[in-house]
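Protein sequence lines, in the order shown, are assigned to chains A and B. So the first sequence is residues 1 to 293, counted in this note's numbering. So the second sequence is residues 1 to 234, counted in this note's numbering.
Read the hints as simulated data drawn from the structure, not as lab findings. Some hints could be false.
[Claimed, not checked] On the chain A side, residues computed to face chain B include the following (Cβ under 7 angstroms):
hint, residue
1, G8
2, A264
3, F283
[Said to hold, decoys possible] Below, in silico cross-link-like pairs of lysine to any residue (SDA-like), each with a Cα-Cα straight-line distance of 25 angstroms or less:
hint, chain 1, residue 1, chain 2, residue 2
4, A, K4, B, I109
5, A, K289, B, L93
6, A, K104, A, N230
7, A, K104, B, M31
8, B, K195, A, F275
9, A, K214, A, F275
10, B, K74, B, S85
11, A, K54, A, M276
12, B, K74, B, M31
13, A, K104, B, K74
14, B, K74, B, N139
15, B, K142, A, L16
16, B, K74, A, V120
17, B, K12, A, W99
18, B, K107, A, M278
19, A, K4, B, K74
20, A, K54, A, W44
21, A, K95, B, Q14
22, B, K107, B, K142
Here a beta-carbon is modelled for each residue, glycine too, at the ideal position from N, C-alpha and C.
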Amino acid sequence: MQGKHLQGYAFLSPFLVLISIFYIAPAILTIVMSFSNLDGSFLWEFVGFENYGKIFKDPNTLLILRNTILYIFISMFIIVVLDLFIATLTTYFIKSDGWASFFKSIIMIPMITPSVVYSVLWIWYLDASDAGFINSVLRFFNKDFSSINWIAQYPFQVIILAQVVVSLAYGAIIFSSAIRSIPENQFKAAHVDGASEWEIVKTIIIPNIRPHIKFIIMWETLGLMTNYLNILLITNGGPLNRTEVWALSAYHKAFIDQQYGYGAAISVLLILVVFMIMLLWLFASRTRKESEE
Amino acid sequence: MAYQNLTHSERKKQNIAIAVMFVFIMPIVFMFIIFFSLAFIKDGSLTLENFSFVWGEMKLRDQTTIKSMLPALKNSMIFTFGVTSSEVVISMLAGYALSRLRFFGRKTIQTSLLVLRMFPTLLLLIAVLYVLMALHIVNTLKGVVLVALAFRLPGSTFIIKNFFDAIPRDIENSTLVDGCTRFSGFRQVIIYLVKPGIVSIAVFSFLSAWSNFILFNTLLFGNKPRWWRPISVH
Chain A
1 MQGKHLQGYA FLSPFLVLIS IFYIAPAILT IVMSFSNLDG SFLWEFVGFE
51 NYGKIFKDPN TLLILRNTIL YIFISMFIIV VLDLFIATLT TYFIKSDGWA
101 SFFKSIIMIP MITPSVVYSV LWIWYLDASD AGFINSVLRF FNKDFSSINW
151 IAQYPFQVII LAQVVVSLAY GAIIFSSAIR SIPENQFKAA HVDGASEWEI
201 VKTIIIPNIR PHIKFIIMWE TLGLMTNYLN ILLITNGGPL NRTEVWALSA
251 YHKAFIDQQY GYGAAISVLL ILVVFMIMLL WLFASRTRKE SEE
Chain B
1 MAYQNLTHSE RKKQNIAIAV MFVFIMPIVF MFIIFFSLAF IKDGSLTLEN
51 FSFVWGEMKL RDQTTIKSML PALKNSMIFT FGVTSSEVVI SMLAGYALSR
101 LRFFGRKTIQ TSLLVLRMFP TLLLLIAVLY VLMALHIVNT LKGVVLVALA
151 FRLPGSTFII KNFFDAIPRD IENSTLVDGC TRFSGFRQVI IYLVKPGIVS
201 IAVFSFLSAW SNFILFNTLL FGNKPRWWRP ISVH
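Let the hints inform the model, and build the full structure from the sequences given.
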C-alpha cells in the first residue's frame, strides 16, 4: 500500500510544489504581513491590529467602499440582464445555428482581446481632444459641439461600460447552453396552450435556468470584486479617487506607496468577504442537491 | 434544429431577433474595426509603416522615438511558450493522479482545487513579490513564469481531470495487464485519449499568457522588458 501512496504523490509533486510555494505560502504571508508595517526596506516589525485601525480611520475608505459596492451591483445587474437577453435571443428565438454562433463569437471578441489593448481602445475612443472618436462623431452631427473629456467627467460610467462589454460573453454562453438543455416539449406545450413569448420567457426559461443565474451572479460578484485590471488601465482610480475600488486601493497602497503591510491588510479584508461568498455558494448548492434528492 | 421545419411565425420572430442582435453588436464591431484599421493607415494611405517598430527604431510625429520591439517580442515568446508547455505537462500529471490513483489526502486536494480555482490571485501579488525576493528570483523572467504557472494550474488541472474521468477504466486496466507501468501506460496510451482536453487547456493558457500584463507590471521593476502593444503606438 505504501508504494501506491508514493506513486500518487510522484505524479502530483510538481503541482504540489508550485502551488504551495507560489499560492499557499503567499496566502499565509498576506495574513502575516497584514499585522506588520512592512515597507520598501523589507524589515519585519509587528504592530498588531494597527493596519486595520488605519483602514477605518482613513477618510477615503468610505468613498472607496461606496464605489466598490456601486460598481459591483450596477455592473452585475446590467451583465445578468443583458446576458439573459442575448442568450434568449440567440438560442430560443434564433433557431439557425449559424446565426447564433456568429453572434456569440462577435460577443466574445472583447473577452479574448488582451486587456492592455482593450483599455487603450477605450482611452482612444473617449479621447478628450477634438480627434477623439466619440467627440468627432458627435461633431459630425452637431457642428457647434464642444469636445467633452469623457474619462474625466464620467469616469464611473466609463469603467462600468468597459467592464460590462468585456464580461458579457461568459454569462451569455453559460445561459445559452442552459437554455438549450431545456426539453423542447415544454415550449411546444406552452405554444399549444397559447402562451405569449414573454410568458414563455418568464415562466419556462427563467425558472429552468435559475441555478445558472445564481452561479453567474456569484461568479461575476467575485470577478468584479477582485479584478481591477480594467480600472487600473483606463482611469487608474482617478480622477480624485472617484473610481478607486477596494482591490485597486490595496494595489496602490502596496506597489505605489510601498506600504506592503497596509496593502496586505486591505487584501485580507477583501479575501474574507470573498470566502464568505464562496461558503454561501457552496452551502446553497449543497442544500439544493439535498432537496432534489 | 433544422431550418426547414420552422413555421411562418417562428421564422418571422427569428428574423426580428436577428435584426435586434445586429443592432446590439454593431457598436462592438465598429469599435474594433475602426480601431484596428487605424494601424494600417498613415497620412491617409494604406501602409504597413506603422509596424516598423517591430524591427527597427521608429520616429513618431512628436519626435519621440520608439525602440525596436524585437527584445520584447522575444521575451513574450519565451514567457508564453514556457508557461503553456509546462502548464500542460504539470496539470496532466496532476489531473491523472487526482482522477485515477488512490492515495492518502486525495479528497482534500480535490476540494481545495475547487477553492483555489475561484480564489482571487490578484490579491496575492503583494506576498508573491516577497516570496520571489526570498527565493532570489525577483525581477527575472524565470520568476514571473513560475508565478504565472502556479496561478493558472488549479484551473487547468480541474479541466483536464474531468477529461480523465471520462475515459473508461478498462482501457487503463488492459494497459496494466499488458505489462505497462502506470507511467508508461499514461505516456503511451492515456495521453492520446485526452487530446481534446490538452488542446483546450493549451489554448486557454496561451491566450492568458500572451496577454498577461499585470504580473509584468508589478513583479518586474527597473529595466522592464516592454510589453507587446503594437496598437497603442499609433
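| Taking only the CA atoms, is the gap from A/K54 to A/M276 under or equal to 25 angstroms? | holds, 23 angstroms
| said: Less than 7 angstroms between beta-carbons is the criterion; does A/G8 satisfy it with respect to chain B? | reply: holds, 3 angstroms
| message | Does A/A264 hold up as a contact with chain B if the rule is Cβ-Cβ below 7 angstroms? | response | With Cβ-Cβ at 5 angstroms, under 7 angstroms, it holds.
| message | Checking one constraint from the list: CA of B/K74 to CA of B/S85, max 25 angstroms. Satisfied? | response | Holds: B/K74 and B/S85 sit about 16 angstroms apart, inside 25 angstroms.
| said: Hint check: A/K104 vs B/M31, CA-CA at most 25 angstroms. Holds or violated? | reply: Holds: A/K104 and B/M31 sit about 17 angstroms apart, inside 25 angstroms.
| query | For the pair supplied as a hint, A/K4 and B/I109, is the alpha-carbon distance within the 25 angstroms limit? | reply | holds, 17 angstroms
| request: Would you check the hint for A/K104 and B/K74, treating anything up to 25 angstroms between C-alpha atoms as holding? | output: violated, 34 angstroms
| query | Taking only the CA atoms, is the gap from A/K289 to B/L93 under or equal to 25 angstroms? | reply | violated, 31 angstroms
| Given pair status - A/W44, A/K54, alpha carbons within 25 angstroms | holds, 18 angstroms
| said: Given the hinted pair A/K214 and A/F275, is their Cα-Cα distance within 25 angstroms? | reply: holds, 17 angstroms
| request: Given the hint that A/K4 pairs with B/K74, test it: the Cα-Cα distance must not exceed 25 angstroms. | output: Between A/K4 and B/K74 the Cα gap is close to 43 angstroms, so the pair fails against 25 angstroms, i.e. violated.
| Hinted pair B/K12 and A/W99, Cα distance within 25 angstroms | It holds: about 15 angstroms lies between the C-alpha atoms, which stays within 25 angstroms.
The structure shown violates the earlier hints numbered 3, 5, 8, 12, 13, 19 and 22.
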